[in-house]
Amino acid sequence: MTLWKKLFSSASSAPQARERLQILLSHERQVLGGDDLLASLREDILAAVAKRVPCERDAVKVRLERGAPLSILEIEVEIRGNVELVLNQAA
Amino acid sequence: MAKIITVTSGKGGVGKTTTTAAIGAALARTGDSVVVVDFDVGLRNLDLIMGAERRVVYDFVNVIQGDARLPQALIRDKRVETLFLLPASQTRDKDALTEEGVDKVIGDLSRHFDWVICDSPAGIERGATLAMRHADIAIVVTNPEVSSVRDSDRIVGILDAKTLKAERGETVDKRLLLTRYDPIRAARGDMLKTEDVLEILSLPLLGIVPESNDVLRASNFGVPVSIHDPESAPARAYVDAARRLKGETVAMEIPGKPRLGFFGKFLRRAA
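In order, the protein sequence lines correspond to chains G and U.
Numbering-wise (the UniProt record's numbering), the first sequence opens with residue 1 and increments by one.
Numbering-wise (the UniProt record's numbering), the second sequence opens with residue 1 and increments by one.
I should point out that these hints are in silico values taken from the structure, not numbers from a laboratory.
Cβ coordinates follow ideal geometry from the N, Cα and C atoms, glycine included.
Keep in mind that a hint or two might mislead.
Footprint (simulated), chain G over chain U, 3 or more residues, beta carbon under 8 Å [as the list claims (entries may be wrong)]:
hint: 1; region: 150-160
hint: 2; region: 190-199
Examples of chain G residues toward chain U, derived with CB under 10 Å [said to hold, decoys possible]:
hint: 3; residue: P15
hint: 4; residue: A17
hint: 5; residue: R18
hint: 6; residue: R20
hint: 7; residue: Q22
hint: 8; residue: I45
hint: 9; residue: A48
hint: 10; residue: R63
hint: 11; residue: R66
hint: 12; residue: G67
hint: 13; residue: A68
Ranges of calculated distance between the beta carbons of each label pair, as one might list FRET restraints [what the hints assert, rightly or not]:
hint: 14; chain 1: G; residue 1: I45; chain 2: U; residue 2: R54; range: 38 to 46 Å
hint: 15; chain 1: U; residue 1: R55; chain 2: G; residue 2: E28; range: 38 to 46 Å
hint: 16; chain 1: U; residue 1: E253; chain 2: G; residue 2: L37; range: 31 to 39 Å
hint: 17; chain 1: G; residue 1: A48; chain 2: U; residue 2: R55; range: 55 to 63 Å
hint: 18; chain 1: U; residue 1: T171; chain 2: G; residue 2: A39; range: 13 to 21 Å
hint: 19; chain 1: G; residue 1: V53; chain 2: U; residue 2: E253; range: 53 to 61 Å
Here chain G stands alone, though its shape is the one from the complex (with noise of 0.2 Å):
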């Protein structure tokens, strides 16, 4: 099977790197992708959201997909618990 396998398998290399850059770089945008822009989004959104619900600092996540014809800018507030009973504890 190894003998089969070097012998006949495509030995092309380049769609693992194709593949690894793809995962890598999805996640490093997430961390890193534009920088002050996402960075500031957030404090922002986090402001907005922490207003009217008690919220988290690290429960909030904001992901920028760059792409072409158009970019997706993804973001997700996790709340703990019914929100509805949160704001009644709050008031």
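Following the hints, complete the assembly by docking chain U onto the known chain G.
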């Protein structure tokens, strides 16, 4: 007002300086006035690639610190008379370039030239961010190889955040220049394909420059590769890229797909 181009990449050794010289010379050959500016303080090399290393008297830092006037520091190319070089200094002090100083010099240059081309140092430190600060267009030089693609992606993020255009809420026009492209490895499947890199970085393609001995030879002579042997494959790629920058539509030549066979070339030479 000039168009300001920054040639950048993040990673070192991918061909930024070669590209700056080649595109600068190709644009100047069309009659436009061009200045190429070396931002690599402490490790200048654009002077060497342009064959002007023995003519450097004053440099970028001298101008910023008021020790020389800008026209004294500019070096006119000996082959193309509309092409000028502003060399970097060899000082070790990396903070010699200041934001205000760069703003002033680039402002002055852009009033007198059609194109200002900034050759960025590698990395994402001060020199690199200063080189991209004024950019209208960024040429992201990338090799079809994992570490170069990753660094280019990082640079694209910084171009979207730390330039004057980004601060004004506009975006820098970013173009991908694929360099050191090896058609044989690409055919074997051992090199990222052009489409792969384009898809991963999602940037428009400015050109594909093949890996070639002509680049090394031109650098040995100190002549921008685009004017050293205009018939060579990298020269054609750079000249086409320059035409695209001027807004022309030029069909993309993929290295490895010969335009003419042996006889075709022979006949063309004879003609």
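Here is what the structure says about each hint:
Given a C-beta distance limit of less than 8 Å, the hint that chain G covers the region 150-160 of chain U holds, as 7 residues qualify and 3 suffice. A stretch counts as covered by a chain when three or more of its residues have a beta carbon under 8 Å from one of that chain; for the region 190-199 of chain U and chain G the count is 5, and the coverage holds. With 10 Å as the threshold, the beta carbon of G/P15 comes within range of chain U, its nearest partner Cβ sitting at about 8 Å, so the hint holds. Annotation: interface hint on G/A17 holds; nearest CB of chain U at approximately 5 Å, less than 10 Å.
Because the closest C-beta pair between G/R18 and chain U is about 5 Å apart, less than 10 Å, the hint holds. Contact between G/R20 and chain U, as hinted, is supported at the beta carbon level, the nearest pair being about 7 Å apart and thus within 10 Å. This hint holds: G/Q22 has a C-beta 6 Å from the nearest C-beta of chain U, less than the 10 Å allowed. Given the 10 Å rule on beta carbons, the hint for G/I45 is violated: about 18 Å separates it from the nearest Cβ of chain U.
Here the hint on G/A48 is broken, as its CB sits about 20 Å from the closest CB of chain U, past 10 Å. Because the smallest distance between the Cβ of G/R63 and any Cβ of chain U comes to about 13 Å, over 10 Å, the interface hint for this residue is violated. With its C-beta approaching chain U no nearer than about 6 Å, G/R66 sits inside the 10 Å limit, and its interface hint holds. Given the 10 Å rule on beta carbons, the hint for G/G67 holds: about 5 Å separates it from the nearest Cβ of chain U.
A hinted interface residue such as G/A68 counts as satisfied when its beta carbon comes closer than 10 Å to some beta carbon of chain U; here the least separation is about 5 Å, so the hint holds. Taking the beta carbon of each, G/I45 and U/R54 are about 57 Å apart, not inside 38 to 46 Å as hinted. Between U/R55 and G/E28 the beta carbons are some 43 Å apart, a value that agrees with the proposed interval 38 to 46 Å. Roughly 36 Å separates the CB atoms of U/E253 and G/L37, a value that falls within the hinted 31 to 39 Å.
Restraint check, G/A48 to U/R55: a C-beta distance of roughly 58 Å satisfies the suggested window 55 to 63 Å. At roughly 18 Å, the beta carbons of U/T171 and G/A39 sit within the given window of 13 to 21 Å. The beta-carbon spacing between G/V53 and U/E253, approximately 57 Å, falls within the hinted interval of 53 to 61 Å.
Checked against the numbered hints above, the structure breaks hints 8, 9, 10, 14 and satisfies the rest.
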